[in-house]
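Asks: With the sequences and hints as input, model every part of the structure.
For the record, the sequence lines run as chains A and B. Taking our numbering, the leading residue of the first sequence gets -6, the next gets one more, and so forth. Taking our numbering, the leading residue of the second sequence gets 9, the next gets one more, and so forth.
Accuracy of the hints is not assured; some may be wrong.
[As the list claims (entries may be wrong)] Label pairs and their in silico Cβ distance ranges:
| id | chain 1 | residue 1 | chain 2 | residue 2 | range |
| --- | --- | --- | --- | --- | --- |
| 1 | B | 253 | A | 9 | 25 to 35 Å |
| 2 | B | 319 | A | 69 | 20 to 30 Å |
| 3 | A | 7 | B | 15 | 46 to 56 Å |
| 4 | A | 33 | B | 253 | 42 to 52 Å |
| 5 | B | 141 | A | 1 | 43 to 53 Å |
| 6 | B | 397 | A | 35 | 17 to 27 Å |
| 7 | B | 293 | A | 7 | 45 to 55 Å |
| 8 | A | 28 | B | 315 | 49 to 59 Å |
No lab work stands behind these hints: they were computed from the structure. In this text, a Cβ means the ideal position worked out from N, Cα and C, and glycines have one as well.
Each chain is listed here by its residues.
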Amino acid sequence: MPLLIPCPTCGVRPYGEFWCSGELPDGGHGGSDDAEADFERVWLKRNVAGLQTERWFHHAGCRRWVTVRRDTLTNVIDAQL
Amino acid sequence: MKLTRGDFRPSYDVVIIGGGGHGMATAYYLAKRFGITNVAVLERSYIGSGGTGRNTTVLRANYKTPETIRFYQESFQLYATLQEELDYHMLRSERGLFWLAHSEPQLRNQRERALQNQHFGVNTVYLDARQVHEVCPQIDMTGGGKRPVLGAAYHPPGSIIRHDAVVWGYAGAAQRLGVQVLEGIEVTGLTIQGGKCVGVVTDRGPIAAGAVLSAVGGYVTNIADMAGIRLPIVSHPLQAFVTESYLPVLDHIVASADLHIYVSQSARGEVLIGAEIDPYSSYSTRSTFPFLASAAARAIDLFPFVAKLRVLRQWTGICDMTPDYSPLIGRSEVDRLFISSGWGTWGFKAIPVSGLRMAELIATGTVPPVLAPFALDRFRRDRAVPERASAGTH
Ligand SMILES: Cc1cc2nc3c(=O)[nH]c(=O)nc-3n(C[C@H](O)[C@H](O)[C@H](O)COP(=O)(O)OP(=O)(O)OC[C@H]3O[C@@H](n4cnc5c(N)ncnc54)[C@H](O)[C@@H]3O)c2cc1C
Ligand SMILES: [Zn+2]
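Replies: Right, dumping it as structure tokens:
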């Protein structure tokens, strides 16, 4: 069974239809005036072994972003945010 | 090979976390070249159980940037004499490595790779389609009727070597010099006093150390978290599989830049197939059917005979991927805590140079020039070492 991503528009679909942009940084993806905060947001990762909030882009479907919470130890997605 | 069993000492000059290739090689060179023998390697499972025992063992030096080429050249040379140095048979076998292009942009890339390699003294030549066919007639030049092969960068020194023998060879030689290799002991914390790392905490009690090296492959974030350090690393699974044994028909290692797969045949006759990382981060080593189906289809496009073979084993390792696909190795923000990471999908071939130069750094306190470009703070200094196209899959 491939990893399945719950899309609010298209339903549960295989991961191959999506592009994963990885963990959602604290405070989201927007830029700021603080160079140090920008550096950390762009380069440094939590890379957590456990629950991770992450974004997937449904390129072969509705072409919208989906935010989910996935356990990186088991790949189980337990919440769509 | 017999490992040291029994109790560890209360204190060591150097404690190395992780009994993979990088940890074991560092231990060996600390003892052999720098006379530091009061060293322990702590492995939570069995030695070589991580990426080092799961990889597809391609040795090569055909990278792109001068810094990286110099680094992998040194490693390749150390590998060439490793069996004699460690007195251990490793089935090293020179095969010649193709990097096929099936598109105009890749053709340009492979030409450029050959020229750049030659400029830095690496033996890589550009071959057109006819020459590819002459050197390796097993390749289906039509690419399964879908992706015709247009040309290739060919790296004659490209080799394979038995991966677990590399770990065992280093472990045995290190032990003969007095290093303790301890299996079944997990590091659960670091002891840090006044910004300095002075030991580790394990599931069997604390151990004091003059220096600590993290060499835990895809699990480096776990150790960095213990020190409050954040790294530019994301852990991705990388899968591979082998078929049942077949007549020895394929001498070469064949990688395709457009199909993102590579194929070789082991001494046992198994056809070994690797491809790209899973497209999401994970610590799960469960192999997946989508990977198998997709990589097998691409392998059959290049080698139609593979279609008849049955799959024998499929497995997964966890890779510590960096944004620029280069190693992340050196001192950390915490004094006397060293990190050997960023080995991603490409780190097996780097084991000797990384072990030797990390040992030098720990022993002398001076960063060896060959390691300097890969320092942990390079992204802060805007000094990425881009190698994505060269390190991508193996
Ligand atoms: C399928 C696959 C194919 C690959 N192909 C190639 C290739 O062809 N060429 C190439 O150059 N590279 C390749 N690689 C990459 C290569 O395997 C790795 O970069 C390399 O093996 C990393 O070695 P290491 O010593 O850093 O880590 P590992 O070999 O993973 O060793 C780390 C060890 O640390 C232990 N550990 C972890 N946490 C702790 C703890 N808290 N306490 C104690 N011990 C701990 C683990 O059990 C493990 O044994 C491939 C990888 C994979 C998965
Ligand atoms: Zn959708």
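Asks: Under the constraints set out in the numbered hints, which ones does this structure not fulfil?
Replies: The structure breaks only hint 7.
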